[in-house]
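Those sequence lines, one after another, are chains A and W.
Just so we're aligned: 15 in this note's numbering is position 15 of the first sequence, and the numbers increase by one with no gaps anywhere.
Count along the second sequence from 1, then add 1000; that gives the number in this note's numbering.
Just to be clear, a hint being listed does not mean it is correct.
[Unchecked claim] With a straight-line Cα cutoff of 20 Å, these simulated EDC-like cross-link-like pairs (lysine to aspartate or glutamate) come out:
1. K1259/W - D116/A
2. K1073/W - E1063/W
3. K1070/W - D1282/W
4. K1037/W - E120/A
5. K173/A - E120/A
6. K1306/W - D1289/W
No lab work stands behind these hints, which were simulated from the structure alone.
Small disclaimer: the values here were computed from a predicted structure and weren't measured.
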Amino acid sequence: MDHDFDAVYQRIGTDSVKWNMYPDDVLPLWIAEADFRPPEAVVSALAERVAHGIFGYTAATGHASAPGAGWTFPELADVIVSRLAARYQWHVTPDDLVYLPGVVAGFNVACKIAGDMGDEVVMHAPCYGPIQKAAPNQGRVATYATLREGVDENGLRTYAHDHDALQSVITAKSRMFLLCNPHNPTGRMFSRAELADIATTALDHNMLICSDEIHAELVLSDHAHIPIASLSDEVAQHTITLYSPSKTFNIPGLGFCVAIIQNPALRAAFVTAMQGLVASPQIFGYTGALAAFRHGDQWLNELTRYLQQNQQFVLSYMRTHMPQLIPNRAQGTYLAWIDCRKAGLPGVPSEFFLREARVALGNGGAFGPAGEGYVRLTMATQRQTLQRALDAMRRALEPYS
Amino acid sequence: MRYDFDTVVDRRGGDSIKWNLYGDGLLPMWVADGDFKSPQPVIDALVARSQHGVFGYAGAPAELANLLVKRMKDLYDWTITTDDLVYVPGVVTGFNIAARAVATPGGGVLVQTPNYPPILNCAPNHDMVTQTAELKLVNKNGIIDYQLDMDAFSHAITPETKIFILCHPHNPTGRLMNRAELTAMAQMCVDRGVVICSDEIHCDIVLDGRQHIPTATLSPEIAQNTITLMAPSKTFNIPGLGFSFAIIQNPQLRAAYKKVMAGLVPHAGIYGYVGALAAYRDGQEWLTDSLRYYEGNRDFAVAYVKKYMPQLKITNPESTYLSWVDCGEAGIEGNPKEYFQKFGVALGDGRNFGAHTANFVRITMACPRSLLADGLDMMRKALEPLS
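Use the sequences and the hints to build the structure in full.
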């Protein structure tokens, strides 16, 4: 390995939200953010840009080849287009790209153009909190197709898309399916059959699809990520896909995301809804994204191995020392989603672990009612930090075993 | 002067929209973006942050809020609290949020013309109605100026008017409204139930020792009715870092503002916070020097136009680094911006600034004086065949 993922960075007292939300003695494994330094090429590209010293307006467009419109970062669109083709055999053009400061803004804009006020946006449950909030933020109503919970042969928690649950929640007011794939918090990478069921249902009811694929490149299993828009041209015509280097290369603080919208009318509506409210990414978002996509893949391969080992470590630790907790085995993302309902804990599990173990975890209830009794644990940290957190959780559980 | 504003830094081929929009052949003086390096403390802070190397979700430094509170007190004797601050990525986003916070589709958005194009575009962005009050153009010996026309202002307000977006100091005219003018407008807005959004992005670029008066400082009643937008973007030439802030002292108005932001408007990125903090804390020397330089550039441009292009009428701005030029008597057929472009200089297109502005161009003078001279020389050459 070229990159030392075991190296610990002092992040307490920096601008890190992750490390400063709680007192200094708390280990933060709550937010979906890694503690790793990004690829060196990203760091050096940023350093070089900073040294230039002038920080004026920048505005990239996806139209790299359009005359007079390659404005800034003209190579970025081609890099993204090539990457999607190479990784997913998904063929888009620079014209299909719309740059944004983040995926949250992206799916909020999507909700803003999904039908009218009071219309419904369908999503899985449990689901990432900001996805749930996007619908009401934009005057829409969130409805939920609850994932089917199960247990695998190793006693691990599993989830599956549920055809019947989706059918039962569709109404005449359903205007969009807001998908999160790979799924946060369960780590599911939906299969082609599951995605086809979602897409068919959406198209049958003339619904849009917005697919948050921010975790697309964080694959812990032998599954392949399938962008839902790559299922067919027809699906592509109804889909807004959100893609970003933020999680992949651990650069959320740079603020870059790209929406891929192949239907020109849909893209125009999306861009119109952004006007004045959702600004272009800034210099460092573009700079970091370009360097990461171009030069980050070896780092990403090494990261993936490190995360797989972290996951193995977490699962085996929990099986051995905390059998009363039932984790999943995330196929994608770096998140562990842990069912604490049989552990007999007093109150909300995340509050229990914060208080008794000094470990900050994501509160399952923040992922909707289907997440109550769960915690989400971010595994993207140095193994020694993970070990300290698990040791502390284990000790906190001892009185309850 | 400690800082050197005369050195030309090559920005061609980089990520500058100013220098890339028209390609390499043209000298760009259109967008309000300076060609100067940022204050050294800003660059140093950005370098240090880059070296840290981990770029996770970043919160705003507490020191920044305290610094802004103190800055308002020191500069304007304006007492605000950290609770009154709302960070946004830019003032354009800032006034668009304001419109949505107080008006619904069909509501009236009052603006003055001429004006900064994104202010004029705000109402249509949200299916609202633009209501226009023109400023009165006056001409004194070839120097043009704009005055507040309170009759026009009053007539433009209707029962549908929900918000007045004020640009103060004013872009593109460089007018710095005085206390009497501001009070007349602001009090009328209060009396007629119109919220004020005061875009004060140029508040620090006031020339000849003038004093900027934030609209919200006029009276407690006006403060309760006002959303103020400020930013280090123009002040320290860091628009690309994406940091601005709103000051909203009325809690209900602030809550409505934050509600519109939810989900759509992300917080500033890491570099926005780092740059803003360093600029406001340690950038004063650069700012002082830059103001002297802008005054020199303005005086140079005004003298140049008077001497070599008397057929043009130019502003003598009290604030901003912008020149607003009436080309109506220069004999140019068609759009002056397009015409000057053929001679190598890309200027701001007057047509984007509202009604009765088709004969105008805007010149951004935030550049080394040699470039300003080059641009003016090109304009002069362009006019020669016409005289």
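These are the hints, each one checked on the structure:
Distance hint between K1259/W and D116/A is fulfilled; the C-alpha atoms sit about 18 Å from each other, no more than 20 Å. This hinted pair checks out: K1073/W and E1063/W have alpha carbons roughly 15 Å apart, not beyond 20 Å. Distance hint between K1070/W and D1282/W is fulfilled; the C-alpha atoms sit about 14 Å from each other, no more than 20 Å. Of the pairs offered as hints, the one joining K1037/W and E120/A is violated, with about 49 Å between alpha carbons and a cut-off of 20 Å exceeded.
Simply put, K173/A and E120/A have alpha-carbon atoms about 5 Å apart, close enough for the 20 Å limit, and the pair holds. Only pairs whose Cα atoms come within 20 Å are accepted, and K1306/W paired with D1289/W is rejected, the gap being roughly 26 Å.
In this structure, the hints that do not hold are numbers 4 and 6, in rising order.
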